[in-house]
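Note that the protein sequences, when read in sequence, are chains E and R. At position 156 of the first sequence (counting the first as 1) the number is 156 in this note's numbering, and the numbers step up by one without a gap. At position 192 of the second sequence (counting the first as 1) the number is 192 in this note's numbering, and the numbers step up by one without a gap.
One should not assume that every hint holds.
Claimed, not checked - Covered by chain R, per the in silico footprint, the following chain E stretches (three or more residues, Cβ under 8 angstroms):
hint : segment
1    : 62–75
2    : 138–145
3    : 338–346
Hints listed in this document are in silico derivations from the structure and should not be mistaken for laboratory results. This structure is a prediction, so every number in the text was calculated from the model and none was measured. Backbone N, C-alpha and C fix where the C-beta goes; we use that ideal spot for every residue, glycine too.
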Amino acid sequence: MSHPYENLPRNSYWSTSISAQDPLKISDLAKPKERLSSALKIATAGSCFAQHIARHMRARGFDFLDMEPAPPHLAPEHRGKFGYGVYSARYANIYTTAQLRQLVERAYHRRTPVETYWKRGGRFFDPFRTLIEPNGFTSEEEIKAETASHLRSVQDMFKSADLFIFTLGLTEAWRSKIDGAIFPVAPGVQGIGEFDPEKYEFVNFGFNQVRADLLATMIFLKRRVNRRLRFLLTVSPIPLAATASGHHVLTATTYSKSVLRAVAGDLVQNYDFVDYFPSFEVVSSHPFKGAFFDSNGRDVTEAGVNHVMGMFARDFCILDQDKSDESVEVSPQDLFCEEQVLDFYGSS
Amino acid sequence: MSRYVLTGDSHCSSYLKAFRACGRTDLVDGGPIGAANLYYKKFFEPTETDFVFIDPRASSNYERFKKVTKSNGLCDFKGKLLLSVGLSGTSFWGDRFWHKVSRTPHPNKRFISSGAVEHWIWSLQENAIRFYEVCIERGLLVGALAAPPPQKRAKAVSVLGAHEVLSLDFLFRKPLLDVLQHNGIPVIAIDAADETGFLREEFWAKDPHHSNHKLGPLLVEAIEREFR
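All chains, full assembly: derive it from the sequences and hints.
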């Protein structure tokens with residue numbers, strides 16, 4: 001008498017795909033609905049771990065969209081401080097699906113938050129991107145100009161992208177009691193803004209809200225902006241640095257990641273334009289014995305990132321060859337200057 | 001042997017040709033190390049008795065400099081060195097980046113904040129500033145030779161406007177000028193601008209960024225005035 005668990009592929013059985021395997025050789029964790037070719041224009045966003053994805057996608061020769069490129073010759077160590085090249089636009093970390101939805105709604109003029117700046121000392125900070133200007137802006141007008149320009153770039157990004165990779169990071173956020181605006185960090189953190197319990201509240205989103213925000217965003221982008229846009233979801237394996245939920249940070253992390261993973265799974269099952277890559281499982285699940293975490297048990301090591309991205313390249317991508325985007329365009333005035341220098345010794 | 005030795009960027013080449021053209025290599029001689037954008041990244045390492053230039057082309061130019069000046073290197077020129085480094089904003093304001101980006105709100109350009117511009121300039125200038133500081137520590141530097149003013153035929157002038165080009169040019173030079181002023185190092189500027197602040201046409205080289213040999217007498221006069 002046969003039964004449904006007979007003759008399944010090897011990776012359906014724990015004993016053959018996990019117990020009998022060297023953890024570094026565990027494979028076939030996910031099958032993409034569509035493999036990614038380097039011809040695709042790719043945009044990325046999300047929580048901290050998404051930064052690694054962006055960096056590796058570039059290094060592996062993908063057409064990574066960079067809608068707000070860094071000024072020329074700005075040293076790489078300085079670029080990140082201003083949010084250049086970290087993601088496809090300078091939106092900084094987007095931790096929650098509510099924050100993503102808010103970004104899209106702002107970009108398409110469907111929402112205008114009441115609060116436009118927070119202050120530290122005499123400097124002005126964008127409450128929705130506190131990290132992109134480490135020393136803040138000189139005025140509210142500068143923030144307005146920067147925000148308008150940034151949101152145009154976000155529009156252009158969604159119009160141009162073939163694939164949007166979003167890394168879900170958190171369920172916890174801080175919300176304005178006045179207009180429901182979602183802030184990536186609590187007011188007052190690092191001295192930016194001021195926490196006022198009359199104006200702000202803590203929120204820990206559940207499955208339904210996380211799913212609703214993400215689905216509404218995807219449907220809006222598909223229907224109104226770019227029909228060919230596909231989505232690739234990942235869940236950040238990086239645990240919460242802190243929780244305001246009142247629970248232990250470990251159980252709060254488990255809650256958060258479980259909700260996010262469940263939402264990703266639900267959307268992948270129900271929508272053919274959504275895919276999922278299991279970076280969370282590769283780093284966090286117990287067969288890997290925490291080997292990809294740093295000694296603080298939170299940061300993912302470079303070896304861990306390389307392992308995840310190697311698996312991503314193998315299982316999800318079709319690549320012609322490794323390319324690098326480090327080529328530097330030489331401007332005409334630089335050529336004139338080079339010639340002057342060469343010419344001098346030629347004539348000496 | 002000249003009284004002063006000049007090294008630095010491509011303007012150093014134009015200036016040295018101008019000194020030669022007016023027969024004043026007794027006053028200033030020398031040779032360039034590399035074009036302005038060389039100095040945007042880490043370009044040198046000081047050794048105990050000399051400097052190592054990291055970029056192979058700069059290193060080879062430095063060897064040529066030693067030949068021209070019949071020296072063992074920059075450290076032979078205690079109290080005689082003039083630098084023309086980091087004082088030309090041409091590569092900064094002339095970059096195509098500014099065709100797409102603006103410091104003021106613009107419907108078709110991306111905005112860049114004053115903080116980001118300031119940080120960008122600092123990152124471009126920090127290595128040049130370090131070079132000046134090491135030359136000062138070693139007792140080599142007597143002065144900096146300013147680049148000629150921008151030319152109004154430069155493409156950036158039509159794209160950004162004259163005011164913006166001059167404003168960006170000043171912003172670019174400011175961090176270095178502040179350091180030089182703080183250290184009491186004179187910046188020798190040549191009076192070759194017209195009433196709008198751009199280089200007078202008679203001093204234009206073939207390209208829209210450098211000066212020609214006719215600047216020689218003005219350079220001589222400026223240096224002699226400074227070190228009288």
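Status of each hint after checking the structure:
Under the rule that three or more residues need a Cβ within less than 8 angstroms of chain R, the assignment of the segment 62–75 of chain E holds, with 6 such residues. Restraint check on the segment 138–145 of chain E versus chain R: 4 residues with Cβ-Cβ distances below 8 angstroms, three needed, restraint holds. Counting residues of the segment 338–346 of chain E whose beta-carbon sits less than 8 angstroms from any beta-carbon of chain R gives 7, enough to reach three: the coverage restraint holds.
The structure agrees with every numbered hint stated previously.
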